[in-house]
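K.L.:
Listed here are the chains, written in short residue letters.
Protein chains: 4
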Amino acid sequence: MSTFGKLFRVTTYGESHCPSVGAIIDGCPPGLELDVSDIQVQLSRRRPGQSNLTTPRNEKDLVHLQSGTEHGVTLGTPIGLLVKNEDQRPHDYSETDLYPRPSHADYTYLEKYGVKASSGGGRSSARETIGRVAAGAIAEKYLKAVYGIEIVAFVSSVGKIHLPALLSPPSLTPSDDNEDNDNVDDAISEEFRSLLTTITRDEVDKHPTRCPHSQTAEKMTQRIIRAKDASDSIGGTVTCVIRNVPAGLGEPVFDKFEAELAHAMLSIPATKAFEIGSGFRGTEVPGSKHNDAFIRRPDGSLGTKTNWSGGVQGGITNGEAIYFRIGFKSPATISQAQATAQYDGTPGTLAARGRHDPCVVPRAVPIVESMAAIVVMDQLLQQEARKAAASRLPPIKTLPPTMVMPKGV
Amino acid sequence: MSTFGKLFRVTTYGESHCPSVGAIIDGCPPGLELDVSDIQVQLSRRRPGQSNLTTPRNEKDLVHLQSGTEHGVTLGTPIGLLVKNEDQRPHDYSETDLYPRPSHADYTYLEKYGVKASSGGGRSSARETIGRVAAGAIAEKYLKAVYGIEIVAFVSSVGKIHLPALLSPPSLTPSDDNEDNDNVDDAISEEFRSLLTTITRDEVDKHPTRCPHSQTAEKMTQRIIRAKDASDSIGGTVTCVIRNVPAGLGEPVFDKFEAELAHAMLSIPATKAFEIGSGFRGTEVPGSKHNDAFIRRPDGSLGTKTNWSGGVQGGITNGEAIYFRIGFKSPATISQAQATAQYDGTPGTLAARGRHDPCVVPRAVPIVESMAAIVVMDQLLQQEARKAAASRLPPIKTLPPTMVMPKGV
Amino acid sequence: MSTFGKLFRVTTYGESHCPSVGAIIDGCPPGLELDVSDIQVQLSRRRPGQSNLTTPRNEKDLVHLQSGTEHGVTLGTPIGLLVKNEDQRPHDYSETDLYPRPSHADYTYLEKYGVKASSGGGRSSARETIGRVAAGAIAEKYLKAVYGIEIVAFVSSVGKIHLPALLSPPSLTPSDDNEDNDNVDDAISEEFRSLLTTITRDEVDKHPTRCPHSQTAEKMTQRIIRAKDASDSIGGTVTCVIRNVPAGLGEPVFDKFEAELAHAMLSIPATKAFEIGSGFRGTEVPGSKHNDAFIRRPDGSLGTKTNWSGGVQGGITNGEAIYFRIGFKSPATISQAQATAQYDGTPGTLAARGRHDPCVVPRAVPIVESMAAIVVMDQLLQQEARKAAASRLPPIKTLPPTMVMPKGV
Amino acid sequence: MSTFGKLFRVTTYGESHCPSVGAIIDGCPPGLELDVSDIQVQLSRRRPGQSNLTTPRNEKDLVHLQSGTEHGVTLGTPIGLLVKNEDQRPHDYSETDLYPRPSHADYTYLEKYGVKASSGGGRSSARETIGRVAAGAIAEKYLKAVYGIEIVAFVSSVGKIHLPALLSPPSLTPSDDNEDNDNVDDAISEEFRSLLTTITRDEVDKHPTRCPHSQTAEKMTQRIIRAKDASDSIGGTVTCVIRNVPAGLGEPVFDKFEAELAHAMLSIPATKAFEIGSGFRGTEVPGSKHNDAFIRRPDGSLGTKTNWSGGVQGGITNGEAIYFRIGFKSPATISQAQATAQYDGTPGTLAARGRHDPCVVPRAVPIVESMAAIVVMDQLLQQEARKAAASRLPPIKTLPPTMVMPKGV
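Chains as they are written, first to last, in the numbering used here: chain F, 1091 to 1499; chain E, 1091 to 1499; chain U, 1091 to 1499; chain Z, 1091 to 1499.
Honestly, the hints are just simulated from the structure, not real lab data. None of the values given here were measured: they were computed from a predicted structure. Where hints are given, some of them may not hold.
Derived pair list, reagent style SDA-like, types lysine to any residue, alpha-carbon separation capped at 20 Å [as the list claims (entries may be wrong)]:
id	chain 1	residue 1	chain 2	residue 2
1	Z	Lys1231	F	Leu1489
2	Z	Lys1379	U	Arg1316
3	F	Lys1234	Z	Pro1485
4	U	Lys1379	Z	Ala1320
5	E	Lys1395	F	Gly1435
6	F	Lys1231	Z	Arg1482
7	U	Lys1096	Z	Met1091
8	E	Lys1231	U	Ala1478
9	F	Lys1395	E	Ala1441
10	Z	Lys1231	Z	Gly1162
11	F	Lys1379	E	Gln1312
12	E	Lys1234	U	Ala1478
13	E	Lys1234	E	Asp1125
Build the full structure now, drawing on both the sequences and the hints.
P.N.:
As structure tokens, then:
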């Protein structure tokens, strides 16, 4: 359905060709200073028309708050908001009346609903994500104010152009499989790990591709322009880091932190893959090298020496940085001619008209950050309930030694 | 929490060291022939002690049905079931009273709950998955009986040993990035795609590793034995295919088919990565080569020529085979000595005692299949509600031409 | 939270003093003809200013559809809608800055949220019900089109003025307790039962009180005017009947039809009581007289001779008319002076300014109907899923005789 | 479905004629001392065979804890438990193979599920409530330990025999409607209000009817025996009070405290009516007499002088005692001959065999208490999340005067 979250809940409505898109955000804690500009800043990072790499549609995407705040402070009641669709022309996709776009949602929406919306894929429209970005911005405001949580996403690949700092290639030939080669350090470079601890949104936004490595960013630009010039499209990946999340978030067993995160990320249009921490590459190294040994932090708490786990162990956050990567396929709508079939099966050629993003990953960055914020906020509230309830219990006089909390924790 | 699903719902309880583990499965359609043996067969594939590759604990894992059926037929009421823990010794993990196991859930469970269970990671125990496998077996019985749906998972890699038929390596060097190289066919081989259409559980079970390619299976065995001999562990991947799923499943926008699937898969212990269809590799090729062109099937319906989408477009199934891959990290519990810290921060060395799987992927196969079955069943019921409700509506007399269902569909 | 329903879901936002109130309605079946006027008619019945019995605020309450339909047909996607608050003056309740209104939500909202909204009771505002009424109107459109379901509510009492046809008084003195007196027919009169089978909204709307018995309606009017003249308020009851609901709706065990209905009704502001069928009075008669004997209906199906059950047995609808009664307390906000205490405990006298309904039941009628429609729609979709799924199963060859469906059903 | 609650969740399974009934209780705070006996005491109050007023079936109803505790302390993980059905004979209800019992769930279950369980009404069995009582006992243990919350239910009427202290009869004749008669004090007597503040379970259990007024209890006994001797049955009401609930519980707008409570109560078999506070009677008096004026409590906090609201205002608890009344119809299964129809419509006479309760209210008392405890616990956890999250926010420097928390609160 169109609702995400248990205690911090987002419900969205709207598609491309209706009067507005919007959302209701329920469960925001009361007493948070919240201004329209807190939301607008992320919406503006999401909107098209920011550079020559994105669709030239110039939607202003101004958010209108409807409820839930007074004098710039949240009341704890649902926050209603909407963004008008300035470009509600029914559609200029006339071929798509006959042809379902290959790899687009046109056909599956028809199979699901049995009626054909003028926009074809209906809610699979990127405009639906506006509500999510608004909700995420609200969650982030809280998370930053209370825990100093920082969520930064960036483009880690476009086509075959990867951020070199990111990841060395996994070794896929069995000949590589020997003790000397069982090293996870090869998989995730020191440089990349360092990037995760320092990267900021300002750095990310320096280049229109939102890749924080300028030389790679330049190559990515060329790759996107090549796709655009060929009336084609190209995919890519977004990597995201969440810093300063307290330990203990994530609900065993079905709603593990990474399970909710994967759910959230794969609900973003065009996503096909998710990995957390060392991800697929980490499956190739032995436990002795992949395990994150514990160390005492300066403040006396436990931390880990390495962080191949990506901040989550057993589905619960451990206080280390959470990082993950999402794969976005190349956009399905291209104006290049495609040999395909009409709805009725007649073979033919489709060349979609209209203005389309040749590559979605730069604009996906704030969407990824927003869904991450929503997941953290929702899991945080669930853990707050448990912790507060447990903290009120009288101490147990004779807790068995095995259950005694080890000293120092 | 411990419940998964909206209309087909599974709730589980239990950990390693309590009297039993079990589940309540709610929402199973009434009138389905269901016998204990339908469930037992998958539980037996899951249980340890099946070969020298798994932990020698010999748990019989016999399921006891408590409710929801009569005379071998489901009543539509909740199915209660349990499996006794025959091995409930409090634990023989005495070092773990002092040490949280690195990359295990011991520390995070303590952070979350504030009390220390004797098993450390509590519900992160693999035994918790018994309830899921039982639920999945019930869902599968229905899906097979009504739609002929086939769900087959297999081991596609152990450490660096990959099923050669599976996937060619993604090209990660920018130098490879040119028009001649933009070919998704390189990414997912013809041989692999053919395997997906034919593979059966019998073939998968021929080898204890559950890899359907005998030569690779043998190398995987050597890799697992190398880990075992070194008191170490190793990760791997499981690939799963679901055939014959009707088009139209998956709930826009937050509960897309692949979002629910990713949620389900990343709720399985030790998972770190998920990809559907062409996944991460698919992000590297342009839309013109990645898009799945439509074709008319012999029965007149629309199919796709290729299936890089993995059976899902816009979050909704399109009737093609659904395939996905899950990454499992190497098990955290190893008996090799590890330099780490105690709960109180004191540095030291931990060598976990007890019997542990050096590699979980062979046993993970039925768990993956089960979670897949639960997701399909739950999404199917949601779509049944919509379709049935829509089908009862009187036809609209003058539906605008753009909303008219294209001929032939 | 602000969401109601599982498959047909309503989420609302807004309070009195913000730009708009609105709702997102998710799960509406696709292909339903739906026009703004379908919604407006019930909103207009709800709005204030319809007669001298209600508050003179003249809110036009025009609904603006934002999404989910095209060319007057539902798409199956979420329907966003809003109604502007034309009267958003911060508030003219200055005494209520010092005084929590007795029996109002001012104090409890402050306890819950810790911040003080200018409207005091925030979401307890009657304007929040606009979203519900809109959602209910959409559900009703479907239910009427497909099943001919009719939902009619009316005012059955104001203060001590009861619809005489309604209910004879329960006998509360033990001396009445003897065999001769064990008669449920005394409790619910024949005249009342007949009214339930024929009453229409047109008849209900003939009188501003919405009581369908003109003499009683006149007395009710006098009672309300007496309250108004005394700067006081008065409570009452609303009775509602739902006709033509198919048998089989209601989810055992926690979400029984009447449990969901009671939940829905007691979520309406100012409600304090709910009873279905013979209700409290029915508890006084023996089973032999209260049981609804089965009879064969002309069409061969089973019906019941009487209907003390109110159309629900074991939490599941049986195809008979569903009727229930809801108690609304007298409105808390009165302009008569009240001896009470300020937020800080200082004793004092409060005379609330502003314009307030002396009696809410006439305007509550469409709200009750709407919540009833939402419950029926949601339960219907859940049962559709089950029925459709069960209907696809192959027949069981040798069903045990006890499980065989009795002939004729 | 078979799950109740959001953060404190109960899922039950089982019916009369299967191996066991049971439940999974998820979300119990960790660190609570919990022993089997805490649960058994309420199960024993619920079980049949306690006096000659109930069915002579002697089920021991011993609970078996399966998980979620260690050394008598909760772990925070799901608590699995079960009670064996010692009396699993398929059934001795042979007439009910032909006849659906009037006003029972036999017919509606068949309509819902399309298969006939040997027990007829399946999950409508009173045995299903065992899981609820167990869950409620766990919730109560927490609520008592942390807040000193006391939940006491008692029988307030059997047939026409009402606890005289309870309620004076509502005046239903219009002639009574004048200013002199607008007094809510007549509706709920001082004696009854006093009873609510002091009543204990020990006092309730002194008499087998569980009516705390010995003379009335005696008359109730006679009434039940009269029903039993006539092979008939009789209904009644249960009143429940919850003391010491903190202010601020209840989720606007759909999940108001009383809405959840009504949902919970009307999910108990045989219930038909619910009222909170002054309930239906309170609708008859004007606001000026019904409003609960605020007073300063000795500890400086705000209380109310009267409590016609029943501890809930605007759907949120205000710290006063919560009291409510539930109507239970007379049990449908009677051994007296009834003229009715068979499943196939054939008219005939049914005289149900077997052993049945002539009146359920005495045994319903612990079920009502348990469902009340579950609702309070679940709402408490939701409010804990909000409060904890809000409490961590930095103070707002310049909160507008209208939003400033009034002094003294």
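K.L.:
Does each hint hold? Answer for all of them.
P.N.:
Right, here's what the structure says about each hint:
| no. | hint | in the structure |
| --- | --- | --- |
| 1 | Z:Lys1231 - F:Leu1489 | holds, 18 Å |
| 2 | Z:Lys1379 - U:Arg1316 | holds, 15 Å |
| 3 | F:Lys1234 - Z:Pro1485 | holds, 14 Å |
| 4 | U:Lys1379 - Z:Ala1320 | holds, 12 Å |
| 5 | E:Lys1395 - F:Gly1435 | holds, 12 Å |
| 6 | F:Lys1231 - Z:Arg1482 | holds, 13 Å |
| 7 | U:Lys1096 - Z:Met1091 | holds, 11 Å |
| 8 | E:Lys1231 - U:Ala1478 | holds, 17 Å |
| 9 | F:Lys1395 - E:Ala1441 | holds, 18 Å |
| 10 | Z:Lys1231 - Z:Gly1162 | holds, 13 Å |
| 11 | F:Lys1379 - E:Gln1312 | holds, 19 Å |
| 12 | E:Lys1234 - U:Ala1478 | holds, 16 Å |
| 13 | E:Lys1234 - E:Asp1125 | holds, 15 Å |
Of the numbered hints listed earlier, not one is contradicted by the structure.
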